[in-house]
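Asks: Chains F and D supply the protein sequences, listed in that same order. Residue numbers are given in this note's numbering: position 105 of the first sequence equals residue 105, and the series is strictly consecutive. Residues are numbered in this note's numbering as their position in the second sequence, beginning at 1, plus a constant of 1000.
Everything hinted at is true.
Just the calculated beta-carbon pair ranges, DEER-fashion:
1) F:K149 with D:E1095: 25 to 35 angstroms
2) F:K149 with D:D1097: 27 to 37 angstroms
3) F:V36 with D:K1184: 43 to 53 angstroms
Note that these hints are calculated values from the structure, not bench results. C-beta atoms are modelled at their ideal positions from N, C-alpha and C, and glycine is treated no differently.
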Amino acid sequence: MAISKEQIAQRIAKELKNNTYVNLGIGIPTLVANFVPKGINVEFQSENGVLGMGPFPKENEIDPDMINAGKQTITTLPGAAIFDSTLSFAMIRGKHIGLTVLGAMEVSQSGDIANWKIPGKMVKGMGGAMDLVASADNIIVAMMHTNKKGKSKLLKKCSLPITGVKCVKKIVTNLAVIDVTPRGFLLLERAPGVSVEEIKSATQGKLIVKSQTPEMNI
Amino acid sequence: MINKQVNNIKEAVKGVKSGMTIMFGGFGLCGIPENSILQFSKMEIFRLTCISNNAGIDDFGLGLLLKRRQIKKMISSYVGENAEFEKQMLSGELEVDLIPQGTLAEKCRAGGAGIPAFYTPAGYGTEIQEDKEVRIYNGKPHILEEALSADFAFVKAWKGDPAGNLIFKGTARNFNPAMAMAGKITVAEVEEMLPAGEIHPNEVHLPGIFVQRIVLGKNYEKRIEQKTTI
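One chain only, chain D, in its complex shape (with noise of 0.2 angstroms):
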């Protein structure tokens, strides 16, 4: 076994400098990197460009590096629920690449897969078909979508094992395990962390290979955006 675990959040973020382009896995406020996020924060590290499906709360998850203008470019799908990153953005300071939800993910997942493009409907005939080759394919047309990579990727898990096998809980897996995939150095944060032996190979929803680092994180606050009950 490889053992990847460090000993805490400064360890796992060593290595993170101004300019780099940061993938931060979860969907919405689900599946964050919590932990990673608030130490980037506090951290005096900017001109980001962030690959996230979203961009946190005013207060939470992105929104915080936002406040701080640590977040030059945003690459995401939907950035709707948050002020601050409107208000960057309208004014110019902020740069934002919006991209389908779908060939986000697939981007990433290409990123670390070794496939440097691919051909996809979505966007055919929209602003976002601007300037790529297109192609049919089944009578269909398709444009061509690069691959995504990160100098890091920052995800979260449930439960991790020291040679960086992860377990997520239920949709707070989104775009953590194509993100793992498409960081140069992937940092995953887990609520558990299992000795190894712990997860039975069958059960490894991301093997570890994807992982460079893993971290036993703390104090997580799960924020609900939708509390929606019956």
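Here chain F stands alone, though its shape is the one from the complex (with noise of 0.2 angstroms):
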């Protein structure tokens, strides 16, 4: 069965490095802070101007001065930094994030990925998406594997206005774990009940299977 997009960002937690700086983007990415394992200490930068992120506050502690880059209210844990715009895109063009989680509306076999702008209909822009996979060095995309028509989201190239060139390294969708390699999409895990033909049925771009596929362990 496909899994939840809670599951979806349990698995991506699994990914995450003991002692990094990480960057979340809104929806999906944003719930990979509940699943930090144990034994991982992680700290989380919003590019709105806050290292060192903690949980929502309780209802008392809300301060309209304190949000994330998805104007959601926080709070801080012992050891944050607060600072203005153009130190938080020096920490994210600088490469000093060591990893950036970030929803898409499309990815190529070659790493594009758009997730901006749905020409004649949305057009909300960029954000930060655009500074973040232009620098990040290591880019995992949370996204269901096809649109609500359907439609596969993993394409041999992006339909849709690109937001960066060649910079997805790993997608973890309600059905697999893939990694982009060169020679296109390369599945490294299934989801627990899934098949291989049906990832590939729902798969667009060029889709390389290994002679087993292990489910993924959440």
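Once you've looked at the hints, go ahead and assemble the two chains, each given alone in its own frame, into the complex.
Replies: Structure, rendered in structure tokens:
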């Protein structure tokens, strides 16, 4: 069976490395913070200017001057730091962030990502996504394998305006864990009970399948 | 000390005219110059080019100026959350220039720091790159982005003194320091005005040299866009 958004986040959380700085995008990526494995210490950066982001506040702790990039109210943890937007993007562009987790509308087999614009329909802007994908060495995309109409989001080539070129390294969807390699999408793991055939039919881009594809351990 | 304090918001916005380019600090509704925007919404100034990371919501922040059709062009990185904005943009009434957030921040900083342009990897290979010079540094393509400046910059701080020194609170800092640097005339509104000497020089977030006018604000609403609790 396909896994839930929470389980996608849970699977991505297994990729977190000890003592690293992590930037989480809006949507499924935000949920990753709920599943940090025991013994793994990470600090979350939010592009509006905070490092060491903590959980959402209790009702009596809400501070309108403390928000994350999704404009949600937040708290900070001991050791946190606050800074302005230029310093925040210096951290991002300067490759001081170890892992970036983003949502996407489409990913191509060469690692291009599209997540900021649907011409004629949705033009909200790219926010910090273009800066993030242009500089991060380690980008994981969290998304559903297909869109609401059932069409594949893992494509040969992106059909929407792209956010960045050849930048995505790994994709975790409701069906599979996939690495982006120079030869195409490499299937690493499948969701429990989901067959390789199902994943193949939901993937428009080139999918490389090894002789054995283990189930995700979630 | 050079005294930059003005008595009220009317004095603070003096000289703002139709057709000008104006920067507004803030991220979402966090750290926006509420008093200045409200004052703008009562004035007969139109055809503004506004540089701000976001465009407010329908009934607050820059949304107030959009509703009165005071804005001709918006330069931002993210403009969701505003139906009026979307309507005016899709009808072609409102010009919109979308810029990656880090590039927008750096354009402001550069504008205030005497750097006319800089290379950044953000936007390479995308629509943003169109018509821009590309150069390879360290084996990677970068695009040339030009600095921004403005006739006026309006920023919001937590504490300030008559010298214009500012301290920001929490994530309300965001774009405020960089935009303060880039304004030909920068107006800072503050929640608390302290006598000179009360802010320790070590604790100044933005030195007063970047601020031309400082005013004590009032009645801050500080609306929250996404109230989230555990």
